[in-house]
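Novice: The residues making up each chain are set out below.
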Amino acid sequence: MKPTCIQGIGIVAACGRGVNALRSALHRGWQPPVSVTVPGGLELPVYALPPGTLDDKSLGRKVRRADRLTKIAVFAAADALADAQLPADLERQRVGVIVASALGTHKTTFQFLDEILTFGEAGVSPTVFSHSVQNAPAAYIASVLGLQGPVLTLTQVHFAFHHALILAACWLANGQCDHVLVGNMDESGTVMHAICRSLLTLAPDGKIRPFAFAANSAGIPGEGSAFLLLSSTAAPGAYGTVRHVEMGSWIPPARPPDLHFLEADGMIPDESGYAIPAGTGLRLAGYAPLFGSMTGGSAIGCAVAALSLKEQTRFASPVPDSAPELSICRETEAGLVQSILLTRLNCTGATARIHLNKD
Amino acid sequence: MVDRLSLVTIPGMGAVSAAGLDTGATLASFRAELRHPGKLTLFESPIDCPVFEAVGFQAAQPYADGVRTIELAIHALQEALAEARLDAGALGSMRVGICLGTTVASQLNDLEFYRRFKETGTASLPPVRRYLKGNLADAVAAHLGIQALTLTVTNACSSGADAIAIGAQWMEAGLCEIVIAGGADELSRIPYSGFNALGLACKFPCTPFDRNRQGLNLGEGAGILILESPASANARGFSPRLVLQGYGSACDAHHLTAPHPDGIGLKSALSRVLSHARIPPGEVAFVNAHGTGTVDNDLIEGNALAAIFGSKMSILSTKGFTGHTLGAAGGLEAVFTGLGLREGWLPPSIGFQEQDERIPVTPLRVRTEVTGRFAVSTSLAFGGNNTALLFGLNL
Amino acid sequence: MNDTHPSQEEQLSKVKAQLKELLISQLALEDITPEEIKDDEPIFGEGLGLDSLDAVEIVVLLQRNFGVTMKETEKGNEIFRSINTLAAFIVENSSKQTGLPGETTAPADKMP
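Going down the list, the sequences are from chains G, B and X. By the numbering used here, the letter at position 115 of the first sequence is numbered 115, and the numbering carries on one by one without gaps. By the numbering used here, the letter at position 70 of the second sequence is numbered 70, and the numbering carries on one by one without gaps. By the numbering used here, the letter at position 89 of the third sequence is numbered 89, and the numbering carries on one by one without gaps.
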C-alpha cells in the first residue's frame, strides 16, 4: 500500500466539532456521558454530540432537507477539506470521497418504516426514502463541496473505515485522484438506544476501560464522524502519513511504534484478545472513553493520532485503569512522536491495524 | 505503465434474475426475446407496479436465516465458481477477496421489528442479530469456509459495478489473487414504495429509452464475476479469454435524486474508463447502458453516450429483461456484457419501440452480431455516482 | 345547511396561508417567512427555488393535509407553478372529494 499524506482532519463527536474541540477534549480528560430515556423508561448513557453542535447555518439551503446523520458527516467532511487548505484552483474532479459506516442510515430507515406504518406504502414521503438510502450522506458531501471524483459508501459493522483507507490509497496510487476525503459516520437514535440497552453491557460508572481486556466488556454507545483529507503528495503543515493498513491475525509490528492505541471500547463482547497486542511492551494509549463505543471509531482514533503526530504530543489516556505491568500514557506530554499504531478487534478476534507516521 | 489487459482475467461468471436462473437460461431468454415482468408475489403491497422476480428460484439450502439476498448471491457464485473450476478447497489456499454490492441486505429494515418497537418500545433481538450476521460479503466467506478480505459496498445503483472495480484495485495493489465480485439484491418493500413515492416507478413493464417511457420496474437477482490474476489462472492451467480492461467512476455532485442534466459525471466516468483501459471509443463494440426506463436517466445517459461514442454506437438496456435490480445491477450487467462479447451477439433492447427525438442514440431493435473485442457497461447511481467498466475479449 | 359556509375567496385565502406554512415546515425552508412568499411568484426553479424532490414531496403534502390526490397526468404541470395555482387546485378538488378544504383525511389504513 502506498503511503498517503493526511492534510486535513474534521471531527463531529461527543467532543463537539473541530480540531480545537478535539484538542480541548483530549486535554480535559474523561467526562461523564449524557443520559437518555429509552422507551420503557430505562436510562441509557450515551456519548452524544453536545447540544448545538449541528446548529451551523452557513451551508444554508444546501443541507435544508438533510437528516442528522448527513449533517454530522457533511460538517466533518467539509471541515477536513477546509483544514487541508488546498489551493483555490483545486481540480474538484480529482477529489474522491469514501464514506464508511458501521450502521449507516438506520435512523432514517426506521423513520421510513414509520411512514409505511402510518401512511401506508402508497403514501410515504419520497424525501424520507431518499435519505434512507445508504449513500445519501456521501452524495451530500459531494454536492455541497462540489467534488466530482469517484464517490463511494461502504457499510459494514466491522472495519469499514479500514477498507476505506485501503481504497483511498489505491485511488491515489493509480492516479484516479489527487486527494480523497475518507471518513466514518455513525449516530445513535431511539431504536439504536433500545438495542444498546438490551445488547450492550453498560459500564456502570460511565467509564469505558480500554485496558481491562474483559471477557465481558462494558461500553457506552457513542456517535459522530471523523474525516481525513488524504493526498498522494506530502505537503508542509500536513499531520502525517497513513503508512499501512492490514487486517487479519495479530502480528507484532516490525518496528515498534512510539505509541500504540488500543481501540477497545466495550462494543465487542469479549475484549480479552486485546491482551496480546497490549503485551508487546509498547507504550499504550486508548481514547474511546472520550467518544463512546463505536465499531467505526477508528476514524476518530486516526484524528487523535494525526493531532498527536502534528503537535508532537502524547495525550493522556482518559481512563488509564490497567494492570501495573502495562506502560500506559497517563499524562499528556510533549515529545518525539514519530509513529503510531492503532489496533482494533472484531467479534471473531481478527485485528485491523493502521500504521501512521510523522512523515 | 503496466499493460492493463494483463491484470484482471475473468475465468467465471454467474447470474440469477428474472431473465434466468443461470447464464444459460438467461441467454435462452435473450435469444427468444422473451421477458417475464409480473405482479409482485414475494410480499404484499397496495402498490401495483410490475416487478421482475426470479421465478422458480430456490436456494439449494437456506443460508443466514433465509436472507434471500445472500441466497441469490450464493446461487450465482456457485455457477461462477463452476465455470472457473474452483471450489472452496482450492480457494482456501489462495489470497481471496470478496467484494459485493447491495442495497437491501445492508439495512436493518425489518418492518415487523419496527412495528413491534413502535407499539411496545421493545427492540426484538432476533432481527437485530440476523442483521448483524447478515453482512453479504462475510456470509459468502462463511459459506465457503475461507478467510478472505471481505467488503460490502452500499453505493446504491452502482454498487455491483463499484464492487468489481474495487476487486480489480485490490488485485492491482497485490492484496488478492482472486476476487469474488459483483452484487445481489432481493425485492424489498422499501425501494418498492420509495421509488413509487418519487414518481419513478412505471405501472406497466418498463421501456428503456422509449419515447413513451414512464419509469422503472424493480427486479431481484445476483451477478457475480470471478476476477483472477493471469499468474494465478495460468498456474491452474487456465487462460480466460474474458478480461476486465478498465474501470472509471465520477460523481455528478449535483442532486440527491436527479442526475446532472448535462451528464457530466457519466461523461467523466466514460473518459476515465477509456483512458484507464487505453482503448479509444471507436474500438468499443457496444455499451450495456444503465437504461432504467425513467425519463431523466435515459435522456441524460443517451446524450452522454452519444457525446462519447457517437450516435451510431450499439447500445442496449438489459433492464427490460431484469428490471432494475439496484445493488445487483452492476454485477448482472457486467455478466451480460461479458456474455455479449463471448457469445458474439446481443439481444434487442427489449421494451424499446419508438425513438425519443431528444435522445441521439437508438438502442438495438433486433438481435445484433457483436463485431469487436471491447464493450462497456455503465451504472448511474442514485446520489450521483457514475461507474463504467470496460471488458475485453482476448483472441 | 351551514350559514357560515366560507366563500370561494375565503377558502382560497385560508388554503394559501396553510400552504405557505406547510411548504416552510415540510420542505425545511427555514430561512424564509410565510409573508415573504408571494402568491403569484414561481415556486420552482427561480422564485422560491424548489426542485424535483420538493415537487414529489408536495404531492404527498397535498394528500396528507388537504386530502387531495393528484392524478399521474396532473403531476409536474401548471398546477405547480405558484401558490395561486396550487391553492386553486386544492380548493377545486377538495370540494369534489371531501367538502371543506383543510380537513385532513385519516391516515390510510393500508398496512400489509
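Any given hint might turn out to be false.
Which residues of chain G face chain X? A few of them, derived with a C-beta cut under 7 Å, are [unchecked claim]:
id, residue
1, K62
2, R65
3, S125
4, P126
5, T127
Hints were generated in silico from the structure; no laboratory data involved. Even glycine gets a Cβ: it sits at the ideal position worked out from N, Cα and C.
Novice: It remains to establish, for every hint, whether it holds in the given structure.
Specialist: Verification of the hints:
no.	hint	in the structure
1	K62	violated, 11 Å
2	R65	holds, 5 Å
3	S125	holds, 6 Å
4	P126	holds, 4 Å
5	T127	holds, 5 Å
The structure does not agree with numbered hint 1 stated previously, though it agrees with all others.
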